[in-house]
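Visitor: Residue-level listing of the chains:
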Amino acid sequence: MRRLVKPGPPLRRTGTEANAPEPDEMLMERFVGGDSAAFDALFARHAVRVNAYLRRMVGPSTADDLTQVTFLSVVRARSRFQRGARFRPWLYAIASNAARDHVRRARFESPSDDGEMPEQVAETLLPDPALEKAVHAAMAQLPDQQREAILLHRFEGFSFGEIAETLGLTESAVKVRAHRGYVRLRGLLAHLGEGT
Amino acid sequence: MTAHERLLDNLTAGALDGEDRAHAARCPACAALLADEAAPAAPLRAEWLAAAHQELSRPVRPWWGLAAGLAAANTVLAVVGTAVLVPTNWEASTTPRWLFLAAVAVLGALAVGGAVLALAPRRLWLDGALILAALAPVAVLLAGDGHAAAPHFLDGMACLWAVLALAALPLGGGAWLLTRSAYSPARAVAVGLLSAGVGLLVLQFTCNDGSSRHLLVFHLLPWAALGAVAVLVRRALPTWSYAP
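If you're matching them up, the sequences are chains A and B in order.
Under our numbering, the first sequence is numbered contiguously, ending at residue 253.
Under our numbering, the second sequence is numbered contiguously, ending at residue 251.
Since the hints were made in silico from the structure, they are not lab data.
Where is the CB? At the ideal position from N, CA and C, for every residue including glycine.
It is possible that part of the hints are untrue.
[Claimed, not checked] From the structure, some residues in chain A lie toward chain B, with a derived Cβ separation under 10 Å:
#1 Ser93
#2 Thr124
#3 Thr127
#4 His248
If we strip away everything but chain B, and leave its shape as in the complex, we get (with noise of 0.2 Å):
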């Protein structure tokens, strides 16, 4: 080990020693890197706290309250959607009631809690929302029944369509809670797969077509597009506030 190396170990290591120190007085490059060097900040200046003093004037909406509501919102478009989408794939479906109701309820913590999750400081909770995203597709492809319901295979496009509808509302509202904390392409994709969860949820119950094909065609690969402009969506808004 040569001794600019043991420098930067120890730099590194926050060890520096003597052996160090002299070594630095030999060595330019190695003295720049433990140059002190005067701080460069500017003096306090009042408009800095006057403008937070502005600000505080205003209320306060914490995150989860936000947050709750979107899921609330996600709640009724879901419900609303089936209704005028008409649930008939409830009664048609083949596949085993239990394997139905587990891909409902996956999908429904993805729709609903994942909104809370996504959205919440914790990276945890965060987490959690990415993994009910990654459970979602499997979902979706294990309560098809196999059956392909349409005689052509672009009469699915009504699903793709109702897939991007679904998801416009929640996707405008969670990219505007986005802007409440900092850009993170994780949070920003875990917020556009839950919106366009509510479209995956709404079909479980309204389509009929458990064709492997047509659900990955017309379920999972707008559901999936839709998390990835999220992220651009994300990246062209200005941003309210930084905080992690």
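The following block holds chain A by itself, in its conformation from the complex (with noise of 0.2 Å):
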């Protein structure tokens, strides 16, 4: 069970926050709210990240379709964004599941031999250097779970408090999952040599 995101008090901007960026979370209010540039100004901000974020978990062939998706989502599900949730945890934890469901029936429709990520899935996303080569096949052989983990916190940028509200886990478990992703890639990274 995954994916469902925890609420926290409302946001309130003080005089002196007048002039930073509009936090995420007074923009979606706006959005729910009726005020379509509010979602405008959140699609600028995020789309190139989630875009990023799903090229790694699914790859580039599919990962346009599934921006797209996430932010449809976004449009159609506006309702089921809490008051004083976290917007960026919410966000990702609609990208997740996109790219979860779209690994499920893709093993579903062509079942790889050994259980691991279909063939597109593992698609290398840059042609060179060989390290990144090395690091994206590596990731593609992660577990669903251990990749989602390891893409948000080493790639995003997320707190293990966020990624927790993003996959509707407890902070621990998010802890355990990741540590053991990162163990699990190092031992399929270990080809490329052991220092001491």
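With the hints as a guide, dock the two chains, each given alone in a separate frame, to form the complex.
Guide: What follows is the structure in structure tokens.
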């Protein structure tokens, strides 16, 4: 079970924050209230990062479609955003759910022999250098849950608390997943050479 | 602890230090873990935003309104079902009245309130629906008076068909509502059990057989099976929104 976001206290802007960029949560509140410009601002702020996350999750050929699906879901389900919840974990929960659903359906349609990610997911994202290829190939071999935790932690800069909100888990469970993922990832990269 | 293990622990903790980086400089496998990469994102594409804007023109129906609609439909179905099947057990049951009513309260809360709880975005509310579902079989068995009314065991099949038939509409509506949020097996089970809960509620009033064997096989078995069916149905359906 996953992807449920805990609510927090409602946000208020103080006078000293007036010049700071408007927080995502305030934009989302405005969007829920009917201000489509607030959605445009959220889209401009997050779409590229979400796309990058999805590219790492499912590969470039599907990531663009899933990026669109993610923001369509934001629009369609805006009434499900809880007042006071943090926006970024909610957004990435949507993206993660879309990616997971894609992988689940891809497995159902063309299951691989070893039960690992279908070929589409394992495709490398960048043609070079060799190191990046090796990392991407190793990432693609991680179980979904470990890969999600590592992508959010290592590449999206989420705290474990934010990842826990995103994935609907406890913080300690996320740490365990991430650590196991790192250990496994390192094992998969051992062919690159061992230091002392 | 080896240098590799130390680096992995500190990487997880977000506390990499100079010693870890020095080790990574000598260890290609660990260096690969720390390697930065260019963000592989595509540039912003106009069609992503255009699709969202197109969606904005459609009216928004809040989740709680739809869930309340399902709850109301379940209420109507339970009342009509009880009237059609005739509530003879209300008079015939020898179960203490308070226990009978407690079971009705649990089953009613599951079939009606459970619709709102199971479809809510908050995990805590979903847990509430699952707790109600866990209480339902206990309530049904405790409220049974032990009296075996049917001369043959298989005569109880009518109750099984009643549970399945009364669940059809709630399950159809619930499955449609489930597509408006991300696939969640727990949420699907809750919707399946609350849909089948309408049948349990109706049979509480209309079935005079209070033997545990009858209740288990012809009331609770189809009820539980519909929980599993709901998961399969939801898995097969497309998702309209991936929100939690």
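Visitor: Hint by hint, work out which the structure violates, then give me just those numbers in ascending order.
Guide: none
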